[in-house]
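Enquirer: Given chain D's structure and the hints, the job is docking chain R onto it.
Number of protein chains: 2
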Amino acid sequence: MVMSRRRAVFQDASIELAHGSGGKATRKLIEGLIAPYFFKEDAALTDSATLSVGDLRLALTADSFVVHPLRFPGGSIGELAVNGTINDLAMGGAEPQALLVTFILEAGMDTKVLQEEIATMAATAEKAGVAIVGGDTKVVEHGKGDGLYITTAGLGMVHPHANLNPLSIKEGDRVILSGPIGDHGITILLARGEIDLQASIASDTRPLWPLVKPLFDVYGEAIRWMRDPTRGGVATALNELARDTGLTVMLEEAAIAVRKEVRGACELLGLDPLHIANEGQFLAVVSAESAEDVLSLLHRTPGGEEARIIGSLKRASRPGVLVRSDYGSTRIIDMLVGDPLPRIC
Amino acid sequence: MVMSRRRAVFQDASIELAHGSGGKATRKLIEGLIAPYFFKEDAALTDSATLSVGDLRLALTADSFVVHPLRFPGGSIGELAVNGTINDLAMGGAEPQALLVTFILEAGMDTKVLQEEIATMAATAEKAGVAIVGGDTKVVEHGKGDGLYITTAGLGMVHPHANLNPLSIKEGDRVILSGPIGDHGITILLARGEIDLQASIASDTRPLWPLVKPLFDVYGEAIRWMRDPTRGGVATALNELARDTGLTVMLEEAAIAVRKEVRGACELLGLDPLHIANEGQFLAVVSAESAEDVLSLLHRTPGGEEARIIGSLKRASRPGVLVRSDYGSTRIIDMLVGDPLPRIC
Numbered sequence: 001m002v003m004s005r006r007r008a009v010f011q012d013a014s015i016e017l018a019h020g021s022g023g024k025a026t027r028k029l030i031e032g033l034i035a036p037y038f039f040k041e042d043a044a045l046t047d048s049a050t051l052s053v054g055d056l057r058l059a060l061t062a063d064s065f066v067v068h069p070l071r072f073p074g075g076s077i078g079e080l081a082v083n084g085t086i087n088d089l090a091m092g093g094a095e096p097q098a099l100l101v102t103f104i105l106e107a108g109m110d111t112k113v114l115q116e117e118i119a120t121m122a123a124t125a126e127k128a129g130v131a132i133v134g135g136d137t138k139v140v141e142h143g144k145g146d147g148l149y150i151t152t153a154g155l156g157m158v159h160p161h162a163n164l165n166p167l168s169i170k171e172g173d174r175v176i177l178s179g180p181i182g183d184h185g186i187t188i189l190l191a192r193g194e195i196d197l198q199a200s201i202a203s204d205t206r207p208l209w210p211l212v213k214p215l216f217d218v219y220g221e222a223i224r225w226m227r228d229p230t231r232g233g234v235a236t237a238l239n240e241l242a243r244d245t246g247l248t249v250m251l252e253e254a255a256i257a258v259r260k261e262v263r264g265a266c267e268l269l270g271l272d273p274l275h276i277a278n279e280g281q282f283l284a285v286v287s288a289e290s291a292e293d294v295l296s297l298l299h300r301t302p303g304g305e306e307a308r309i310i311g312s313l314k315r316a317s318r319p320g321v322l323v324r325s326d327y328g329s330t331r332i333i334d335m336l337v338g339d340p341l342p343r344i345c
Numbered sequence: 001m002v003m004s005r006r007r008a009v010f011q012d013a014s015i016e017l018a019h020g021s022g023g024k025a026t027r028k029l030i031e032g033l034i035a036p037y038f039f040k041e042d043a044a045l046t047d048s049a050t051l052s053v054g055d056l057r058l059a060l061t062a063d064s065f066v067v068h069p070l071r072f073p074g075g076s077i078g079e080l081a082v083n084g085t086i087n088d089l090a091m092g093g094a095e096p097q098a099l100l101v102t103f104i105l106e107a108g109m110d111t112k113v114l115q116e117e118i119a120t121m122a123a124t125a126e127k128a129g130v131a132i133v134g135g136d137t138k139v140v141e142h143g144k145g146d147g148l149y150i151t152t153a154g155l156g157m158v159h160p161h162a163n164l165n166p167l168s169i170k171e172g173d174r175v176i177l178s179g180p181i182g183d184h185g186i187t188i189l190l191a192r193g194e195i196d197l198q199a200s201i202a203s204d205t206r207p208l209w210p211l212v213k214p215l216f217d218v219y220g221e222a223i224r225w226m227r228d229p230t231r232g233g234v235a236t237a238l239n240e241l242a243r244d245t246g247l248t249v250m251l252e253e254a255a256i257a258v259r260k261e262v263r264g265a266c267e268l269l270g271l272d273p274l275h276i277a278n279e280g281q282f283l284a285v286v287s288a289e290s291a292e293d294v295l296s297l298l299h300r301t302p303g304g305e306e307a308r309i310i311g312s313l314k315r316a317s318r319p320g321v322l323v324r325s326d327y328g329s330t331r332i333i334d335m336l337v338g339d340p341l342p343r344i345c
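Chain order of the listed sequences is D and R. Oh and the first sequence: position 306 is 306 in the working numbering, straight run, nothing missing. Oh and the second sequence: position 244 is 244 in the working numbering, straight run, nothing missing.
It is possible that part of the hints are untrue.
Which copy is meant is left open, because identical chains are indistinguishable; a pair holds if it fits in one copy or across any two.
Stated by the list, open to error - In the BS3-like style, the derived pairs of lysine-lysine whose C-alpha atoms are separated by at most 30 Å in a straight line are:
| no. | residue 1 | residue 2 |
| --- | --- | --- |
| 1 | Lys127 | Lys112 |
| 2 | Lys112 | Lys213 |
| 3 | Lys213 | Lys314 |
| 4 | Lys213 | Lys28 |
| 5 | Lys170 | Lys314 |
| 6 | Lys28 | Lys127 |
| 7 | Lys127 | Lys213 |
| 8 | Lys144 | Lys24 |
| 9 | Lys144 | Lys28 |
| 10 | Lys260 | Lys144 |
In short, the hints are calculated from the structure, not lab data.
The following block holds chain D by itself, in its conformation from the complex (with noise of 0.2 Å):
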């Protein structure tokens, strides 16, 4: 998350699910009550800290994993736990090098379950390439937790030639989008069968730095922001964006791709899905002259087949995020309201 220019400011008297949406009331949560105390006036909140140690630029992120259920189509929390870190240094422009661990356990729970997502972790990592080099475990009472939170920090080292920096963003840069959106999302809505509706649908979680790391080794200089739109979806990466540059995101839905049994969920639920958090897709700003190279090298690469050009910054009297749909208008897309999905990740 990034910082606006204006502060939030946070007025709850008791903290509500919608705080933990990724959206605004996550915002007013991190700025008006977390970041005055924690970080600098003008420190930028992004996904990993970068440290300049030494003659390193060393990157650094923690995430805790809350996702109810613990395992669904095509990942598990401890899936979700390896990857979602290792993503958010990729989109720090960051080798991932080494993962900690924690465990809150709620006493009761299945030696098993927990053996599953022990042996999950382990082999995501491995197939990343990245090591678990240590962590703690905690355990609570019955009725304290829900079987199972994982918290994960990540330590990276910056790409060389890394150069994200949003102050870079000019007017006509590209947005980049990795692929399909809300995958992750609608599927763990679906696995709480919550709501009655089939469809063969998995969620996106992978890792995203072998896809990320070749754009870095080649057109470095170009890539000027990225951001994996987990909770909150694109609309709220990108409104962010917009905040934080003074620019409007002005995005064409035709470019977008939603896969129809994410549209249909999408409908019958009356949500956006620009809002659903997906696990495994980025955004990335490239300068214009360099945009259409980059997603020549995204497509060529395993993975990145289904990216596309999706948008463009503009100048605006109003810094935001508009979106022209495939039958020439316009509508404005704001950042997620409330949380329709508590605990997607």
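Expert: For chain R alone, kept in the frame of chain D given last:
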């Protein structure tokens, strides 16, 4: 926690509170269930992991905090979370550089309580000279948490003179303890109001780096092992040392400081102060020839005035921890078994 030569086996069908005690059950969980998947067979399960990145030796650690109640005499969950992570780094000989903080909030929790903890964490980190550089916030439904769980990850830079290595421990090496034991665990117990005992006692939570840095500056070569005896207490930490070195730790009971309030509560409850958690003390194994010098330097360092040499390493037929009483009798003291005090950190 240090790896045994023969790994424990985990045979429990479900997770119990004792698995979070820091004692025998925790060791079984980590060595029997987690380590076989996450770590290489010969990896040392220390409280922080050391990584060589470029020319630098970095330390990484992460801990979850689930202490109940959230506030108690002498501290709070936020203060523990900052100091505990600083201390895990310090015990690896590393100067803390940066912290990440993640919150798992229970819907319905009072904003004021959260705000107090955030303010406490910021003040504790600032006092210790460590920056909080990022984090994450999740919210779970009311009844799926307990107000607030915090996970803190830390990055440290290993002191150039730190040379910690349990394999270098020799017969005759001395064990130094930094101060009186059991204050934290007994404070939490009393704060819960579960036993009818009034005592003016407070948690010993504090950052240990200011206390151990001068030791590394001058006597880095002589310090072979360091550990903060948190969950499971001094007895558990030293039993792990014994297992790991194949040596016996011989303690002099008269040298181990225990406040009379702690001793009184322990007698009432049938607990041994050596099993009670500390949050601001450390154990060090130091070469015999340097032990008095190290102790003298500690005594001149603010906060180290009550440090004592409490014992030494001996060769014996069966490694373990022995305590010689004031009257000359000797007893074996094992790791903590079960969990008389769940959720103390």
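Enquirer: Hints first: check each against the structure and report whether it holds.
Expert: Evaluation of the provided hints:
For the identical chains of this complex, Lys127 and Lys112 are intra-copy neighbours only, at 22 Å inside a copy versus 43 Å across copies, given an alpha-carbon limit of 30 Å. Taking identical chains as interchangeable, the C-alpha atoms of Lys112 and Lys213 are never at most 30 Å apart, the minima being 36 Å within one chain and 43 Å between chains. Taking the shortest alpha-carbon separations for Lys213 and Lys314, only the intra-copy value of 28 Å comes in at or below 30 Å, while the best inter-copy value is 53 Å. Taking identical chains as interchangeable, the C-alpha atoms of Lys213 and Lys28 are never at most 30 Å apart, the minima being 33 Å within one chain and 39 Å between chains.
For the identical chains of this complex, Lys170 and Lys314 are intra-copy neighbours only, at 8 Å inside a copy versus 69 Å across copies, given an alpha-carbon limit of 30 Å. In this homomeric assembly, Lys28 and Lys127 come within 30 Å of each other (Cα to Cα) only across copies, at 27 Å, whereas the closest approach inside a single copy is 37 Å. Proximity of Lys127 and Lys213 under a CA criterion of 30 Å is satisfied intra-copy only: 16 Å inside one chain copy versus 39 Å between copies. In this assembly of identical chains, the alpha carbons of Lys144 and Lys24 lie at most 30 Å apart whether taken from the same copy (27 Å) or from different copies (23 Å).
For the homomeric pair Lys144 and Lys28, the shortest alpha-carbon distances inside one copy (26 Å) and between copies (23 Å) are both at most 30 Å. With identical chains, the CA atoms of Lys260 and Lys144 are never at most 30 Å apart, being 39 Å at best within one copy and 34 Å at best between copies.
The structure does not agree with the numbered hints 2, 4, 10 stated previously, though it agrees with the rest.
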